[in-house]
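**Q** Here are the chains, one letter per residue:
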Amino acid sequence: DVKVTQSSRYLVKRTGEKVFLECVQDMDHENMFWYRQDPGLGLRLIYFSYDVKMKEKGDIPEGYSVSREKKERFSLILESASTNQTSMYLCASVRSSATGELFFGEGSRLTVL
Amino acid sequence: AQSVTQPDIHITVSEGASLELRCNYSYGATPYLFWYVQSPGQGLQLLLKYFSGDTLVQGIKGFEAEFKRSQSSFNLRKPSVHWSDAAEYFCAVGDNFNKFYFGSGTKLNVKP
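Protein chains in written order, with the working numbering: chain A, 1 to 113; chain B, 1 to 112.
Mixed in with the good hints there might be a few duds.
For lysine to aspartate or glutamate, the following EDC-like pairs were computed, each having C-alpha atoms within a straight-line distance of at most 16 Å [what the hints assert, rightly or not]: (1) B:Lys99 to A:Glu30; (2) A:Lys3 to A:Glu106; (3) A:Lys70 to A:Asp26; (4) B:Lys107 to A:Asp38; (5) B:Lys49 to A:Glu17; (6) B:Lys99 to A:Asp51; (7) B:Lys49 to B:Glu64; (8) A:Lys55 to A:Glu69; (9) B:Lys99 to A:Glu79; (10) A:Lys13 to A:Glu101; (11) B:Lys61 to B:Glu20; (12) A:Lys55 to A:Asp26; (13) B:Lys99 to B:Asp8; (14) B:Lys61 to B:Asp85; (15) A:Lys71 to A:Glu30; (16) A:Lys3 to A:Glu30; (17) A:Lys3 to A:Glu101; (18) B:Lys99 to A:Asp59; (19) A:Lys70 to A:Asp51; (20) A:Lys53 to A:Asp38; (21) B:Lys99 to A:Glu101.
For the record, the hints were derived by calculation from the structure and aren't laboratory data.
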């Protein structure tokens with residue numbers, strides 16, 4: 001069974017803390033994505049990566065960075081968490097949109113106090 | 001610019017009634033179209049997808065969707081809703097550059 005695994009389902013952090021959200025996929029997909037989901041706003045793309053060590057900004061990259069050192073792993077980093085980054089974060093992967101669909105992890109709900 | 005509109009934020013239907021969730025998109029070329037479902041506290045699960053060919057596509061859980069190019073729509077339907085269908089539904093468009101655009105979602109409530 002194919003899988004996208006997000007290491008933390010729920011996190012509570014304090015303002016100013018550094019936060020790491022990790023995502024691992026076992027499908028050998030080239031492309032991986034980090035989305036943020038907020039009520040009424042749908043999914044907004046933060047960053048995506050189409051290959052190891054390659055990354056591109058999405059629609060809302062401010063305050064975030066990413067790391068992709070290995071094909072199966074894509075990390076989202078909040079260098080200094082702020083309360084407006086309280087949200088649900090979804091990781092996804094796909095081989096390519098021409099041949100397949102996004103596979104999602106179960107999400108990481110982050111609360112910043 | 002590409003965009004996806006789901007005009008209904010909330011919909012309530014009675015169990016056993018039919019369902020139609022609306023989705024309109026803006027995209028210059030032939031789109032790749034998807035419907036996802038999200039149960040509370042969970043990630044998104046693919047219901048169905050359209051890439052080409054027959055414009056009426058069947059998905060899991062008894063859902064279907066019809067691609068209408070002239071209306072730029074990809075509405076999701078189910079003839080008889082079950083209580084377990086209560087969830088949030090997202091329509092999405094994918095392009096040739098590995099970008100996906102999501103609608104803001106429709107929350108479905110099912111009355112007993």
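**Q** Hey, B:Lys61 versus B:Asp85, does the alpha-carbon distance stay inside 16 Å?
**A** holds, 9 Å
**Q** Measure nothing beyond the straight line between the CA atoms of B:Lys99 and A:Glu101; if it is 16 Å or shorter, mark the hint as holding.
**A** Roughly 11 Å separates the two Cα atoms, so the pair holds.
**Q** Take a quick look at whether B:Lys49 and B:Glu64 sit within 16 Å of each other, Cα to Cα.
**A** The given pair, whose Cα atoms are some 10 Å apart, holds under the 16 Å limit.
**Q** With the threshold set at 16 Å, check whether the alpha-carbon distance from A:Lys3 to A:Glu101 stays at or below it.
**A** holds, 13 Å
**Q** Quickly compare the C-alpha distance for A:Lys3 and A:Glu106 to 16 Å and report which way the hint goes.
**A** holds, 10 Å
**Q** Check the hint pairing A:Lys55 with A:Glu69 against an upper bound of 16 Å on the C-alpha distance.
**A** Roughly 11 Å between the alpha carbons, so the hint for A:Lys55 and A:Glu69 holds.
**Q** Holds or violated: A:Lys3 and A:Glu30, Cα atoms, limit 16 Å.
**A** Between A:Lys3 and A:Glu30 the Cα gap is close to 14 Å, so the pair holds against 16 Å.
**Q** Are A:Lys53 and A:Asp38 close enough, with their CA atoms no more than 16 Å apart?
**A** Violated: A:Lys53 and A:Asp38 sit about 28 Å apart, past 16 Å.
**Q** Mind checking the alpha carbons of A:Lys70 and A:Asp51 for me, to see if they're no more than 16 Å apart?
**A** holds, 9 Å
**Q** Would you mind confirming whether the straight-line C-alpha gap from B:Lys99 to A:Glu79 stays at or under 16 Å?
**A** violated, 25 Å
**Q** Take a quick look at whether B:Lys99 and A:Asp51 sit within 16 Å of each other, Cα to Cα.
**A** holds, 14 Å
**Q** Take the C-alpha atoms of A:Lys70 and A:Asp26, compute the straight-line distance between them, and say whether it is at most 16 Å.
**A** Distance of about 12 Å is within 16 Å: holds.
This entry does not satisfy hints 5, 9, 10, 12, 13 and 20, going by the numbered hints stated previously.
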